[in-house]
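Model the full structure from these sequences, guided by the hints.
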Amino acid sequence: MELKNKKLSMDEFLRIREEVLKQWPTGEGIDLEANVAFLKQVPEHKSFPAKLRWAKENGITLAQPRAGVALIDEHIQLLNFLHTEGGADLLPSTIDSYTRQNKYNECERGITESRREGRSLLNGFPGVNHGVHGCRKVFESVNLPLQARHGTPDARLLSEIIHAAGWTSNEGGGISYNIPYAKKVSLEKTITDWQYCDRLVGYYEEQGISINREPFGPLTGTLVPPSMSNAVAIIEALLAAEQGVKNITVGYGQCGNLVQDVAAIRALEDQCNEYLIASGYNNVYLTTVFHQWMGGFPQDESKAFGVISLGAIAASLAGATKVIVKTPHEAYGVPTKEANAQGIRATKMVLNLLQEQKMPLSIQQINESRMIKAETQCIIDKVLELGDGDLAIGTVRAFEAGVLDIPFAPSVYNAGKMMPARDNDGAIRYLDFGNVPFSDEIKEFNRNKLEERAMYEHREVDFKMTIDDVYAVSKGNLIGRPETETDAAKSIKKYLYKTE
Amino acid sequence: MELKNKKLSMDEFLRIREEVLKQWPTGEGIDLEANVAFLKQVPEHKSFPAKLRWAKENGITLAQPRAGVALIDEHIQLLNFLHTEGGADLLPSTIDSYTRQNKYNECERGITESRREGRSLLNGFPGVNHGVHGCRKVFESVNLPLQARHGTPDARLLSEIIHAAGWTSNEGGGISYNIPYAKKVSLEKTITDWQYCDRLVGYYEEQGISINREPFGPLTGTLVPPSMSNAVAIIEALLAAEQGVKNITVGYGQCGNLVQDVAAIRALEDQCNEYLIASGYNNVYLTTVFHQWMGGFPQDESKAFGVISLGAIAASLAGATKVIVKTPHEAYGVPTKEANAQGIRATKMVLNLLQEQKMPLSIQQINESRMIKAETQCIIDKVLELGDGDLAIGTVRAFEAGVLDIPFAPSVYNAGKMMPARDNDGAIRYLDFGNVPFSDEIKEFNRNKLEERAMYEHREVDFKMTIDDVYAVSKGNLIGRPETETDAAKSIKKYLYKTE
Amino acid sequence: MTNTVVLGVIGADCHAVGNKILDYAFSKAGFNVVNIGVLSSQEEFINAAEETGAKAMIISSLYGHGEIDCRGLREKCDEAGLDDMLLYVGGNLVVGKHDWEEVKEKFLAMGFNRVYPPGADPEQGIRDLRDDLKLPKPE
Amino acid sequence: MTNTVVLGVIGADCHAVGNKILDYAFSKAGFNVVNIGVLSSQEEFINAAEETGAKAMIISSLYGHGEIDCRGLREKCDEAGLDDMLLYVGGNLVVGKHDWEEVKEKFLAMGFNRVYPPGADPEQGIRDLRDDLKLPKPE
Ligand code: B12
Ligand code: B12
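Chains as they are written, first to last, in this note's numbering: chain A, 383 to 882; chain B, 383 to 882; chain C, 90 to 228; chain D, 90 to 228.
Derived from the structure by calculation, the hints contain no laboratory data.
This list has only true hints and no planted wrong ones.
With a cut-off of at most 25 Å between alpha-carbon atoms, the simulated BS3-like pairs for lysine-lysine come out as follows:
(1) B:K485 x B:K565
(2) C:K193 x B:K857
(3) D:K117 x A:K799
(4) C:K117 x B:K799
(5) B:K857 x A:K740
(6) A:K857 x D:K117
(7) C:K117 x B:K857
(8) C:K193 x C:K223
(9) B:K485 x C:K165
(10) A:K799 x A:K571
(11) C:K193 x C:K165
(12) A:K740 x A:K438
(13) A:K386 x A:K565
(14) B:K485 x B:K571
(15) B:K404 x B:K485
(16) A:K571 x A:K404
(17) D:K117 x A:K846
(18) A:K740 x B:K740
(19) B:K565 x B:K799
(20) B:K846 x C:K117
(21) C:K226 x B:K846
(22) A:K857 x B:K719
(23) B:K422 x B:K519
(24) A:K485 x D:K165
The calculated label-pair distances, taken between Cβ atoms and stated as ranges, are:
(25) B:T718 x C:L197: 21 to 27 Å
(26) A:K389 x D:A198: 54 to 60 Å
(27) A:N487 x D:I110: 30 to 36 Å
(28) D:E164 x A:E410: 35 to 41 Å
(29) A:P864 x B:K799: 55 to 61 Å
(30) A:N830 x D:I110: 24 to 30 Å
(31) B:K799 x C:E133: 23 to 29 Å
(32) C:L197 x D:D217: 57 to 63 Å
(33) C:P206 x A:E410: 54 to 60 Å
(34) D:E191 x A:N830: 49 to 55 Å
(35) B:E415 x A:N749: 54 to 60 Å
(36) B:K857 x C:N121: 25 to 31 Å
(37) D:G119 x A:K386: 48 to 54 Å
(38) D:E191 x A:Q459: 20 to 26 Å
Backbone N, C-alpha and C fix where the C-beta goes; we use that ideal spot for every residue, glycine too.
Below is the structure:
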């Protein structure tokens, strides 16, 4: 089948579906019509789209953790704990890494070993292996909307299973669940496979059942310039809308510069709405998700609380519809349920304190927002041009050409030529443009910003900056200042480390 | 002696001094000239004024904890722990409550019992009982500038001792260490006594030794409207300057509304500088201190981290010179050194992340700032009028008249007629003006703001709002919304608490 | 009067916020509140009880010296002939975050009738006092 | 070559950032880095070592399945005749925050020569590898 950004016909969809359901025994017998009946019974307070709409209309930012363990009962316990002890507003089921690679045999092994050892040896919930039956048990045992969060290039069977089970949201997309998560899976394949996932949601929409879809905004979580992740999010939203998805949450991972963060997520919502309408998708209900810092965390738990809280503040001031919460264990490993609840409680405290407050508009924010939109448009225009008007084809060609280019991505289909770094205020800029097609004005803006920093730090603008920035937050700073003595550093040392 | 805002002559000062040094045996033999020689040796990295200046010039916000225990060695251990494990930039010695009431006999008992039980039975460091010798031991055993933080209406002997020991900063003032801390001590007495403390610093200044003075900004820490605490801070700065103090840090306690917080502390610095210069005190080096939330804390430690981090963020975005740090134990009791260090680490993480960032100017902030300044000026103008031009006399009369009026203060010399409450955005406004002399425009502004909230909450503007607001933060919110069902609450419940 | 209580903050403690709110809450609940305020000594509590015939003392200690400040109060009450005086105490009773059960035991052993943990709801104290004084439940 | 190392992230693990930085660091330190990247199986590590004559494998596992993924690697090396292969492993080796000493013991028992805790500095690995390969210290 040839890749094209075009709604799958029901016939095509059903043809593919037959194959999909055979991928693992639990696929057998999943019945769309029976699911429709089941999904119609989902009470409003367990519907993802309903709760998002309520939050958006009331100006509330919801908090959602990540969480998943190997076994069903433990998973249910975990989720209910995060609801009652953490105060989570929305529940996840983070899917394990074998499932993400469709290695269901290894999942089976992980499940067995977890049972034997009495602790989870999988880093998430193996939804496919547990099947509709297991996933429904989870759905019926919790009292909040449920979403699958994963990183699965081919999530077709998983999507069939979770939606059949009453989970009313699915994270992912053909770009965002490929480039950061896979090494050798082609974009043709993942875009096609995610068209299927979207078409499934579109089918349910046609039956009057609203299901939410969320492109994964932060990508590699590591110094992705806002315009690059926004471009990807908008493309995935458009691809989803084409398949009939009507409830979309576009996401963004915290950069750390408050003005840039607020500007970025506001620009994302505006611009995505503009593109949706311009493309004729008029009935999409769009919301936003802000991810607390997605890069390397500091090991110290108190410092982690600082990072978490700053993320909550940015999310709240930006007016994001929901925020994805990190935990004080982030630098170590999958959090205990207690550590997970701690992250949510710190976050909710901040959200409550700021509930009535938004970031007041400033010149800085207006300028930043304008710049992000201009950059994003350059990228998307070029994608469309490369695809001769077809967004799906354009996306594949744009990655080939390095027009779309995600820093630190593992995929061989990603050029990896673009390099980011922070400017002197901590905002993320383009250090090396690679083949990202920016106007001269934009290039100059980015260069000047980085030159400013380089001058301040008495060094050259180069890859060493990027590396220093990768480490910075985990070492307790936003900007990776060089360790050689700057005047400021000298001056600090004079006061702090001098001994008599 | 008659109260007057006039620099004490050296003779008067020395006459009073004789009496002061007799208050407790450790006062004996404190020799000003010998102290000058000692203070000249204080290395720059242990000088409070030097470090504040460095921070201000480099746009850095310093973090300072509160801490103090009964015994010298334990106190030194505690302070060094907060330096090395917490990363504190400035060190405190929080003085115990008996010392604050000049009950040195009870301190002696507390010291003895603490020794016996092997834990501190005093809530702070009894500086007077330990004397110059003990305080110097502390000074010599730490490697950062030291400040006494207390709440002592008559701190003359304490001030003599700590400065003689090389502690280069002293918190307090004739208003701020009386009204929130005492019940029956007259303002005449405390203003006079603090003129002495300031004159002592002025004396050292004359000898070329710079010592920092810090009026206690947050007062009762409980819903104090910014203009009221700013007015008090400015008055105390002016009273200190008259006695020859040249290095002053004016303070402010976090309200919780970010725009108001940033506007308030920026207004405080500007307006205080204006008043200093208008009064002819041209050489005062002014810095600011932002106190993390001073009211009741939530008991949950994760939530406390959220409150702490939001405070750090406000301090940093406002560009305060230093921030006073709370701890996750706040709601329970004097923190362990570990909990104290946790608070500092979370704070410093946030300060580091935001180091290069300031709150961008917005219309909202400009308006808020203008309003705070206008209110503050109304108050100070009236104080001067009441004192026939004398600030000290005016202050006494202003408290009698309820022109200066601190909510929830224990002092019988405080009118207690003014009542504050939060508006619908969480900013603190005047609910009942009492006798605070505002223009009609200002009154209308405050009333409208509270009406807005009342309408939203379907209730009257009354004292119940104030009470609800007192509890709010400890219960996990900024604004004390009524527990009766508002539409929003109903709507929330519908989603969150519904069971099938 | 059966429903008169002496309210105050003991010792060198200046924390006034909780005191004002307790005053408000107990008064609204129908008690006759004699509020001697912050920074009150054991003697001031006893004098106020003697003068007003109060049946209970609602004592707060926030600042950490509660242990030292409260010691001997029961004995002083007995000496003054205030035999069945109900002694309630609450706040942040000791220095630091401690195991609550231990703190409670310590104060019960000192002769207090009821001991409340940090941030206790005044309504709980009111309910308990109604019980202990055998007052009718409010309609 | 004595200074050839195979670098990669084992299992179904896609964490690429650390890998790119390790590549940069080991290359800069003078090693000949054969980077097989993320999502690499035990077989791919062994094949790469056989093909290049590498003396060490620098293995990362971030995502928590390290325990399952690394089991049997030493035995497979032995079978392949890669007898003195130095096996280094680091990252977030197990699911969750665990006592580090236990984790380390577990991997040493599995036949690894060096095991590094979360967030270990690549420079430490480089110093250790120089020692283990008896390479001269850099001037
Ligand atoms: C960024 C990130 C991601 C990105 C990765 C993008 C990409 N493709 O690279 C995204 C968002 C895609 C992602 C996905 C997932 N992640 Co992730 N991720 C992180 C995070 C935040 C930072 C990792 C990073 O880049 N660090 C920066 C680099 C420079 O450091 P590093 O990786 O630690 O490597 C350095 C050192 O460890 C050392 N080192 C490493 N190996 C070796 C070996 C030797 C011999 C030596 C000497 C040194 C050494 O040197 C390296 C360079 O300095 C970490 C948590 C953290 N550390 O804060 C979680 C974390 C690694 N992820 C985790 C998990 C579970 C996942 C997911 C399964 C899903 C989930 N729960 O969200 C998926 C994985 C899917 C898959 N198939 O692998 C867990 C692992 C849990 C565990 N071990 O118990 C972590 C710890 C988060 C957590 N606490 O839950 N993740
Ligand atoms: C505001 C505050 C201040 C203000 C007080 C202003 C004033 N004059 O009122 C200022 C800044 C001046 C201040 C000063 C000091 N404070 Co203070 N302060 C607080 C804080 C943050 C809130 C207190 C408050 O107002 N809460 C709100 C009210 C409504 O609650 P509440 O006081 O707990 O009272 C309620 C309940 O406890 C209950 N209750 C109380 N008593 C009783 C009795 C009965 C019978 C019942 C049923 C119920 C009951 O009902 C009340 C009403 O709801 C607390 C910490 C916290 N709680 O978050 C520290 C705290 C009480 N302070 C503390 C200390 C140590 C001090 C100082 C010694 C200095 C210092 N280290 O900074 C000085 C005290 C000087 C002195 N001589 O007393 C410590 C006490 C430590 C301990 N016990 O181990 C605390 C716990 C902070 C801490 N963790 O270190 N403080």
